[in-house]
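Visitor: Which chain is which? The protein sequence lines are A and B, in order. With the working numbering as the guide, the letters of the first sequence map in order to residues 96 to 710. With the working numbering as the guide, the letters of the second sequence map in order to residues 12 to 297.
Just so you know, not all the hints are guaranteed correct.
So the derived label-pair ranges between C-beta atoms look like this [unchecked claim]:
1) B:Thr171 / A:Asn708: 39 to 47 Å
2) A:Glu229 / B:Val280: 45 to 53 Å
3) A:Glu486 / B:Tyr253: 39 to 47 Å
4) A:Gln413 / B:Ser289: 50 to 58 Å
5) B:Pro126 / A:Pro137: 27 to 35 Å
6) A:Pro137 / B:Pro252: 43 to 51 Å
7) B:Glu72 / A:Tyr261: 44 to 52 Å
8) B:Gln85 / A:His377: 32 to 40 Å
In the SDA-like style, the derived pairs of lysine to any residue whose C-alpha atoms are separated by at most 20 Å in a straight line are [to be verified]:
9) B:Lys111 / A:Gly339
10) B:Lys90 / A:Gly184
11) A:Lys283 / B:Ala198
12) B:Lys111 / A:Glu369
13) B:Lys256 / A:Ala274
14) B:Lys139 / A:Asn520
15) B:Lys195 / A:Gly481
16) A:Lys640 / B:Gly230
17) B:Lys111 / A:Tyr219
18) A:Lys142 / A:Asn520
19) B:Lys256 / A:Ala178
20) A:Lys277 / B:Pro190
21) A:Lys638 / B:Asp207
22) A:Lys225 / B:Lys139
23) B:Lys105 / A:Glu179
24) A:Lys280 / B:Asp158
25) A:Lys553 / B:Gly230
26) A:Lys277 / B:Leu187
27) A:Lys280 / A:Ala404
28) A:Lys553 / B:Lys90
29) A:Lys553 / B:Pro252
30) B:Lys105 / A:Tyr607
31) B:Lys203 / A:Arg228
32) A:Lys553 / B:Ile189
33) A:Lys280 / B:Ala147
By construction, these hints were calculated from the structure, which means they are not laboratory data. Using N, Cα and C, we set each Cβ at its ideal position, and we do this for glycine too.
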Amino acid sequence: MRPLLLTITSLLLFAGCKDSPKETPVETNTTTEEIDMAANIPSNPLKEAYFGEQHLHTAASMDAFIAGTRLTPDDAYRFAQGAEVMVNGKPHTINRPLDWAAVTDHAEFLGEAYSLMNPDAPGYDSEAAKAMREAPDLATALTVYKKYVLDALAGGNAHPDFWQGYDAVKSQWKVNIDATEKHYKPGKFTTIHAYEWSSAPNTANLHRNVFFRDTNLPDMPFSANEGPSPQELWDWMKIQEAKGIKVFCNPHNSNESKGMLFPEVAMNNKPIDETYAKTRQHFERNLEMMQTKGNSEVVPQFWPNDEFADFENAVSLQKYFGRVFEKHNFVRYGLTRGVKYYEELGINPFKYGFVGGTDSHNGVMSNVEEFNYVGHHGMADETAEGRSKNEQDGEMYNRDMNPGGLTGVWATSNTREAIWDGMHNRESFATSGPRIKVRFFAGNGYSTNYDSYETMVKDGYEKGVPMGQNYEGSESPDFMVWAIKDPIGPNLDRIQIIKGWVENGEMKDKIYNVAASDDRLKSDGTVTPIDAPVDLKTGEFNKEKGDPELMAVWKDPEFNPTQNAYYYVRVIQLPTGRYNLFDEIRNPRVKYPDDTKKTIQERAWASPIWIENKL
Amino acid sequence: MKKILKEPLVHFLFLGFLIFGYYYLTNKDSNAEENSIVIDNTEYDYLLSLWKKQWQRDPNEQEIKAFIDQYLRQEVFYKEALAMNLDHNDLIVKRRLSQKMEAVSNDLNAIIKSPTDDDLNAFYNKNKDLFILPPAYSFKQVLFLNDEDNLESEMETTKTQLNNGQDIPKARQTKLSIPNTWNKSEATSIYKTFGDYFTSVLDSLPINTWVGPIPSGFGQHLVYISKKEVSEIAKFETIKPYVEKEYQYQTELDMQNKVFEDLLDKYPVKLTADKIPSDIKKSYQN
């Protein structure tokens with residue numbers, strides 16, 4: 096009996112200490128166990144598409160905590176693997192477990208999150224922390240958020256008054272690292288160490304998610320408090336690289352960037368120069384094409400000829416913070432401006448592949464299926480009624496949000512290194528949620544008809560390059576595209592290739608239909624419309640029309656060997672019900688405003704292939 | 012004895028005793044001066060450190076005066092409020108205190124529930140349904156698309172050929188990128204590729220013969236199952252870390268409930284309001 100009592104007493108004393116959090120040693124080596132495990136993992140040189148989440152917040156992000164989220168990084172990884180968790184007090188599971196995932200909590204308030212969640216931590220009992228923990232409803236939570244966070248920020252304080260300094264930041268970073276390590280099962284489920292750098296100068300969203308290749312990690316993430324300019328982030332990343340840490344980042348929400356994500360001048364007001372471009376291309380590898388706060392590819396007002404541009408544009412975000420849409424905010428503009436920079440500077444600062452994410456603040460990894468959506472922002476959108484009526488405070492209408500996107504990565508195996516490398520090489524693609532798979536190659540001598548999938552893929556790599564790379568040949572390339580439907584979704588409508596280039600100083604882009612289901616692609620390149628309606632009473636999609644697989648080899652009819660250009664792929668699925676349709680079917684009293692679309696055409700975007708002529 | 016030691020309530024009483032004892036020893040002489048407010052060196056250092064944490068510098072004299080003032084104000088009102096019983100039935104005080112108590116029970120869990128191998132083994136044996144491996148299947152499949160010409164007869168012909176020992180036709184190898192052969196694949200990963208219905212019928216199919224068509228989101232499949240490994244329970248040794256994770260999760264929930272129930276016993280509940288639905292009333296009667 097005695098030893099037990101002693102244990103209790105000493106632990107109590109320990110628990111009562113008001114010391115600052117300890118210095119956190121960070122592991123620097125892969126364990127031998129991991130290496131052993133890695134040896135037995137099947138590897139496929141032709142690569143497999145692994146689906147996962149690369150943008151997710153848990154209770155360790157203070158804004159999520161205040162909104163009511165209590166799920167930890169540990170819970171988020173359990174959810175990703177199919178375990179049930181409590182979301183806003185109700186049990187919830189992902190429909191299909193993920194292959195890999197990364198928790199990306201805001202670095203800016205990690206320290207506060209530590210104090211909020213650990214009764215032994217200093218600051219736990221502060222007035223602000225208490226108010227944040229105890230906010231019983233949305234209105235109170237918003238008041239608390241304004242009082243302790245926004246006002247502190249406006250007053251020039253980076254932190255509410257209960258912030259305990261960098262030791263607290265390190266402590267929470269360690270908690271996130273531990274959860275990420277605990278759930279890594281090489282070959283089965285990959286976790287990636289990551290965080291979000293959340294800079295928003297003058298409310299222009301410049302956020303970036305930062306990803307590490309292995310367990311060689313910084314003892315603390317670099318937040319926008321330490322440096323709000325992307326160049327400062329890159330400076331920090333350079334220091335990490337010098338220590339052998341492998342790291343890259345992906346920007347997101349260019350749609351909220353007020354023209355600042357694809358700028359003419361850097362934040363120090365100097366024009367973009369060669370060094371800037373080189374550094375940016377080195378560290379920034381993918382754009383998050385779509386997430387809960389909108390699809391950033393294009394909007395109809397600037398791309399009126401793109402018949403699929405009107406898709407999850409989150410237009411109401413323009414009503415807040417002066418984040419009015421301008422052409423500069425969208426991915427296709429950024430890619431084309433990148434080509435122009437290549438011609439001006441000899442290097443493309445915006446050489447991005449694509450990823451998709453949710454940015455859920457509920458801790459629910461890739462909860463992207465429309466019929467399984469339970470909101471992403473705590474109390475603000477937890478019920479169908481809240482989704483139909485509330486606004487996401489200071490951001491947009493809830494009904495303009497969507498369940499978010501998904502990332503597919505082509506990788507040789509489901510390991511941390513292979514997934515990270517796949518994203519780093521931009522051999523990744525984004526989807527608006529469905530598990531559509533898409534491959535994209537540029538080379539010479541591709542066949543329009545292969546006797547098997549394997550020979551097609553083998554040829555793809557042997558005679559050319561995959562998505563994310565430069566086509567280096569001198570002749571007009573064969574672009575080979577292939578896509579397969581989501582097994583639980585409807586068939587595919589079509590595949591398009593989008594080309595961007597610069598002509599006489601003018602930035603241009605053009606959409607080509609390269610494959611269409613049910614033989615609808617006409618010789619002039621147009622496609623006969625398809626009538627595959629969704630049953631608005633049940634939410635069921637049409638199961639007869641379209642094709643499960645589409646494939647094409649395409650040549651650019653306007654190819655010009657001296658022209659610099661990019662080509663990316665868009666795969667369009669047949670229509671399905673949007674989440675608000677399912678909300679209305681399940682809750683007869685809930686009625687979304689008439690401007691809410693009931694059906695959508697989900698899609699996938701494959702990362703570009705570039706042609707960069709020697710200048 | 013061992014059982015008693017595991018009772019959360021015993022731990023509570025013990026903790027209470029410790030805390031009471033500590034205060035008794037440290038505050039022995041202060042009984043007479045119960046009303047006085049003392050700022051000794053320890054208290055002063057604490058206040059000073061709070062101030063410095065907020066402002067990131069040393070305070071000047073005026074500022075020291077200000078935080079002492081503030082502290083005294085708070086203490087005076089606090090003590091008077093306690094004396095007047097203003098803390099009783101205050102919603103916020105209630106919520107805060109009950110949260111503190113719950114936090115203590117969570118801490119308790121962390122303290123006393125560091126499980127031994129025996130604990131884990133016992134937990135594993137008692138909760139085997141938590142450790143059931145999902146069913147796994149070894150099978151081959153051949154895919155036909157719904158819009159193929161002569162679909163029905165093609166499938167029948169191919170099924171006969173396959174059952175006669177012929178190879179999978181070249182054109183149907185890895186059709187739509189889907190592998191023909193699946194070895195010991197868990198239901199969850201089959202679901203990811205083939206969807207719900209296909210996965211759910213595998214269990215009912217005969218083994219060692221080509222059957223079908225079985226529909227999936229892609230089309231129609233002929234299927235040959237060579238082995239079903241149905242829901243076996245994972246071996247303790249191979250999943251010990253997982254057992255430990257589950258153990259921690261379950262015991263934390265158990266502990267919370269146990270503490271709540273023990274305390275509930277201590278406070279008899281009388282639901283006298285006649286507006287409470289009777290079913291709910293009954294659920295609180297032991």
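Visitor: Now tell me, hint by hint, if it's right for this structure.
Guide: Hints and how they fare:
{"no.": "1", "hint": "B:Thr171 / A:Asn708: 39 to 47 Å", "in the structure": "58 Å, violated"}
{"no.": "2", "hint": "A:Glu229 / B:Val280: 45 to 53 Å", "in the structure": "25 Å, violated"}
{"no.": "3", "hint": "A:Glu486 / B:Tyr253: 39 to 47 Å", "in the structure": "42 Å, holds"}
{"no.": "4", "hint": "A:Gln413 / B:Ser289: 50 to 58 Å", "in the structure": "55 Å, holds"}
{"no.": "5", "hint": "B:Pro126 / A:Pro137: 27 to 35 Å", "in the structure": "34 Å, holds"}
{"no.": "6", "hint": "A:Pro137 / B:Pro252: 43 to 51 Å", "in the structure": "22 Å, violated"}
{"no.": "7", "hint": "B:Glu72 / A:Tyr261: 44 to 52 Å", "in the structure": "30 Å, violated"}
{"no.": "8", "hint": "B:Gln85 / A:His377: 32 to 40 Å", "in the structure": "54 Å, violated"}
{"no.": "9", "hint": "B:Lys111 / A:Gly339", "in the structure": "44 Å, violated"}
{"no.": "10", "hint": "B:Lys90 / A:Gly184", "in the structure": "37 Å, violated"}
{"no.": "11", "hint": "A:Lys283 / B:Ala198", "in the structure": "14 Å, holds"}
{"no.": "12", "hint": "B:Lys111 / A:Glu369", "in the structure": "57 Å, violated"}
{"no.": "13", "hint": "B:Lys256 / A:Ala274", "in the structure": "12 Å, holds"}
{"no.": "14", "hint": "B:Lys139 / A:Asn520", "in the structure": "44 Å, violated"}
{"no.": "15", "hint": "B:Lys195 / A:Gly481", "in the structure": "44 Å, violated"}
{"no.": "16", "hint": "A:Lys640 / B:Gly230", "in the structure": "12 Å, holds"}
{"no.": "17", "hint": "B:Lys111 / A:Tyr219", "in the structure": "11 Å, holds"}
{"no.": "18", "hint": "A:Lys142 / A:Asn520", "in the structure": "13 Å, holds"}
{"no.": "19", "hint": "B:Lys256 / A:Ala178", "in the structure": "13 Å, holds"}
{"no.": "20", "hint": "A:Lys277 / B:Pro190", "in the structure": "31 Å, violated"}
{"no.": "21", "hint": "A:Lys638 / B:Asp207", "in the structure": "15 Å, holds"}
{"no.": "22", "hint": "A:Lys225 / B:Lys139", "in the structure": "40 Å, violated"}
{"no.": "23", "hint": "B:Lys105 / A:Glu179", "in the structure": "31 Å, violated"}
{"no.": "24", "hint": "A:Lys280 / B:Asp158", "in the structure": "40 Å, violated"}
{"no.": "25", "hint": "A:Lys553 / B:Gly230", "in the structure": "25 Å, violated"}
{"no.": "26", "hint": "A:Lys277 / B:Leu187", "in the structure": "35 Å, violated"}
{"no.": "27", "hint": "A:Lys280 / A:Ala404", "in the structure": "39 Å, violated"}
{"no.": "28", "hint": "A:Lys553 / B:Lys90", "in the structure": "80 Å, violated"}
{"no.": "29", "hint": "A:Lys553 / B:Pro252", "in the structure": "40 Å, violated"}
{"no.": "30", "hint": "B:Lys105 / A:Tyr607", "in the structure": "66 Å, violated"}
{"no.": "31", "hint": "B:Lys203 / A:Arg228", "in the structure": "38 Å, violated"}
{"no.": "32", "hint": "A:Lys553 / B:Ile189", "in the structure": "16 Å, holds"}
{"no.": "33", "hint": "A:Lys280 / B:Ala147", "in the structure": "19 Å, holds"}
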